[in-house]
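Just so you know, the protein sequences line up as chains A and B, in that order.
With this note's numbering applied, the first sequence closes on residue 380, and no number is skipped along the way.
With this note's numbering applied, the second sequence closes on residue 335, and no number is skipped along the way.
Everything labelled a hint here was simulated from the structure, so no lab data went into it.
Hints are supplied without guarantee of correctness; some may be wrong.
Partner residues aside, some chain B positions facing chain A, computed with beta carbon under 8 Å [said to hold, decoys possible]:
1) A50
2) A212
3) P264
All values reported here derive from a predicted model rather than from experimental measurement.
C-beta atoms are modelled at their ideal positions from N, C-alpha and C, and glycine is treated no differently.
What follows is the residue order along each chain.
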Amino acid sequence: MKIFKLKQKTQSIKMDALDGGEELESGSFEKKNNFATKTLLLVGKYWVFVFFILLLTGFSTAKGFLSLNNFQAVLANNAMLLVLAIGQTFVIITGGIDLSTGWVMGLASVVASIIMRQFPIESNLALVIFCGFSTAVVVGLIAGAVNGMVISQLKVPPFIATLGMYGIARGFGYILSGGPPVSVNHPGIGHFANGYLIYIHPSVGFSLFTLPEGLTGMDLRQTTTLIPFLIIYFVIILVVSHWLLSKARFGQHVYAVGGNIRAALRAGIPVNSILKKVYILSGIMAGIAGFLYVMRYSGGVAAAGDALNLNSVAAVVVGGASLMGGEGTLIGTLIGTLIIAFIQNGLIIVGVDPFYQYVAVGVIIIIAVLIDQLKKQVVK
Amino acid sequence: MKARLMIISILLVVFSLLVAGCQPAAENTEGVKSPEDLTIALVYGIQGDAFYITMEKGARARAEELGVQFIADGPSKWDPAVQTPIIDAMLAKGIDALIAVPNDPQAMIAPLQRAYESGIPVLTTDQYIGDGDYDNGSVTFPLSVIASNNFEGGKIACEALIDEIGGEGMIYILTSTANVPSDIARRDGCIAAIDAVEGVTLAGVDYTESSAPIATTQTQAMLEKEPDLDAIFGANLFSAQGAAAAIKSAGLEGVVKIASFDAPEQAIVDLRNNVIDMVIAQQPALIGELAVQYAYDALMGNTDGIPAQVNTPFVVITRENVDTEEAQNAIYKSE
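Given only the sequences and the hints, what does the whole structure look like? Please build it.
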């Protein structure tokens with residue numbers, strides 16, 4: 001139990017955590033009725049939405065930013081980051097962190113690619129995709145299970161345990177691939193991550209799933225495309241996860257463990273099992289993200305998720321989750337991810353030097369944590 | 001007549017005896033071993049990189065031709081602190097010549113100097129130490145640096161792209177990070193090519209951190225900003241792959257041309273699948289061959305013919321020439 005001592009100090013929520021996560025989220029501080037406090041709390045809760053709107057407004061003057069095309073593309077481009085961030089949200093709500101997620105994603109992409117390569121080029125595409133997908137999910141599941149076991153049974157702090165997995169997944173990723181990307185060459189596979197549901201062309205009409213035939217050159221620039229496949233996958237994952245976190249008993253337990261682990265124990269919540277499941281979930285999400293990478297870039301590579309690894313933590317924190325645990329929502333994570341995504345997107349469209357993106361994202365992470373702490377002080 | 005003939009034949013015999021007998025004797029006095037006793041070592045840049053694997057292959061093939069022993073090793077990560085003990089271990093084994101891909105232009109001077117001072121010729125490939133000028137620069141003990149000129153490579157890549165888009169249009173550059181000198185040189189070479197042609201403009205430069213998803217995000221944003229973008233130069237494979245995904249998603253496959261620097265097998269697969277349109281290959285095998293040849297020459301005492309700097313040429317691989325021998329030889333083999 002040693003490792004949980006630190007958390008107790010930061011508890012602002014006491015036994016009411018027993019009643020489940022919903023209460024932690026919203027209305028547990030009504031005792032303080034004065035108007036200023038209430039306003040501050042509201043700002044604390046919704047600033048990220050306000051900031052998101054302000055950000056979009058700020059960039060809206062740039063040509064091309066406020067377009068359906070741009071919005072759906074930004075969503076699709078960040079599907080992998082969003083999937084990683086969903087897993088990360090569960091982990092962070094329990095008061096933990098998963099630093100291995102990006103490299104587990106890479107390892108899953110490599111193993112899935114190796115398996116998919118075993119199938120001859122002319123094999124049934126559905127079978128190849130199914131095998132690749134299952135492989136990636138199993139790899140993520142195993143990595144997550146190891147994380148969960150080490151953290152819940154052996155009481156290794158999550159930061160260290162997942163840092164260890166970071167190294168292990170990275171190492172195996174490079175060992176299995178030898179370094180260079182492992183390519184998957186089945187024709188048509190890339191379409192499932194790069195294609196759209198609907199294609200519309202002013203003269204040819206519209207078609208589902210693939211481009212209308214016979215379009216070349218300048219005609220292609222005229223085509224309107226709607227609903228990238230990646231968004232469909234992502235929305236399904238988001239909806240299921242959102243239900244799991246906010247409606248299912250599992251989600252309530254996750255909040256309870258993160259809110260006050262002692263109280264959770266006393267209430268008979270299987271804390272160890274919840275912790276284990278949370279890291280397994282994060283591993284599975286990393287596996288799915290790895291598989292999406294394989295489909296999008298026709299192959300896996302050990303470093304596939306390197307650049308997304310810490311961004312997934314940033315997205316969750318900007319989205320209002322507390323690193324101390326007990327707080328956070330998937331809608332917040334979605335907005336957090338989109339803030340990071342639109343900063344990258346908007347600054348390029350405006351034409352700002354690329355290095356400012358790093359500064360901008362860094363400043364916003366710090367603001368997010370500051371607001372989180374202010375909120376706690378106000379509550380006290 | 002007879003006397004003359006005899007004198008001539010005696011002279012011939014003496015001369016041939018001289019030729020046959022004295023040469024090895026002369027060599028032995030210089031302490032030079034016969035080829036099969038010589039060991040040339042290659043300490044490459046990082047393990048598991050197709051570029052260095054191919055360099056090692058080229059070097060090994062030439063060593064076999066020359067009949068010398070060849071060993072190779074390299075660090076697991078790009079770090080002079082990891083590479084130095086490998087070089088020291090090579091020296092302890094009693095190698096006769098060292099070819100190194102120094103992990104740092106400054107930090108690797110001392111370890112290579114130790115090798116040089118132990119009396120063996122030192123060459124560097126792909127990277128250099130000091131300022132790279134082994135004739136008059138800050139470090140002059142290495143015999144030669146054999147590498148591709150990345151500035152030239154970037155220029156060649158973008159000249160080929162400019163050709164492809166018909167001499168006018170807009171080009172976007174994606175490079176890995178701002179602190180890798182070779183990638184920066186490629187970027188600058190490309191910009192030089194763009195500046196040289198009126199009617200071709202630079203859409204922008206972005207840094208992809210060698211991450212395909214980031215390159216996709218950047219390319220997609222650039223397409224919003226510049227819907228008439230004509231071509232993209234990816235200074236490494238991941239940049240080009242990421243750009244290709246954004247182009248595919250925008251339904252502009254084949255409309256926006258993409259060039260990728262470096263030629264691992266995945267790049268060739270992408271080229272054949274119309275994902276990218278050209279691959280600019282360095283010639284790591286040639287670099288390895290030349291390095292072993294020069295090391296051998298130096299051991300044989302022929303240092304005159306060794307230039308202090310060799311810029312190996314590039315090969316531009318397209319779908320049209322990908323099956324030619326020249327293109328196939330330039331592809332980096334990962335095993």
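Right, here's what the structure says about each hint:
no.: 1; hint: A50; result: 5 Å, holds
no.: 2; hint: A212; result: 5 Å, holds
no.: 3; hint: P264; result: 5 Å, holds
The structure fails none of the hints (numbered hints given earlier).
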